[in-house]
Amino acid sequence: MFKGFSSSLVSPTHFDPEIPLVSAEDRILKVDRLASPYQPDRPEYLEQNIAWEEMARRLNDLGL
Numbered sequence: 001m002f003k004g005f006s007s008s009l010v011s012p013t014h015f016d017p018e019i020p021l022v023s024a025e026d027r028i029l030k031v032d033r034l035a036s037p038y039q040p041d042r043p044e045y046l047e048q049n050i051a052w053e054e055m056a057r058r059l060n061d062l063g064l
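First residue of the sequence shown: 1, per full-length UniProt numbering; consecutive thereafter.
These are computed hints drawn from the structure, not numbers from a lab.
Treat the hints loosely; a few may be bogus.
Said to hold, decoys possible - Ranges between beta-carbon positions, derived for each pair: (1) Glu25 with Glu53: 14 to 20 Å; (2) Ile50 with Ala24: 19 to 25 Å; (3) Leu62 with Ser36: 15 to 21 Å; (4) Gly63 with Asp32: 19 to 25 Å.
Everything numeric in this text was worked out from a predicted model, so none of it was measured.
In this text, a Cβ means the ideal position worked out from N, Cα and C, and glycines have one as well.
Could you build the full structure based on these sequences and the hints that come with them?
Set out below in structure tokens:
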């Protein structure tokens, strides 16, 4: 997600913000943060396996 737009590293996503990226039944369990630009052959992880609760707290602290 970037400024309200979703993107996928492996497949296209809809431009229409009314079309959900994930279904209501899906659950985010862990988050990995990667440096950009993304290079599939050499991903540079900033952080790995961040629990969703921790990531949600960080986003909330930033007002996002």
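Hints, verified against the model:
no. : hint                         : verdict
1   : Glu25 with Glu53: 14 to 20 Å : holds, 19 Å
2   : Ile50 with Ala24: 19 to 25 Å : holds, 22 Å
3   : Leu62 with Ser36: 15 to 21 Å : holds, 18 Å
4   : Gly63 with Asp32: 19 to 25 Å : holds, 23 Å
Hint check: no violations occur; every hint is consistent with the structure.
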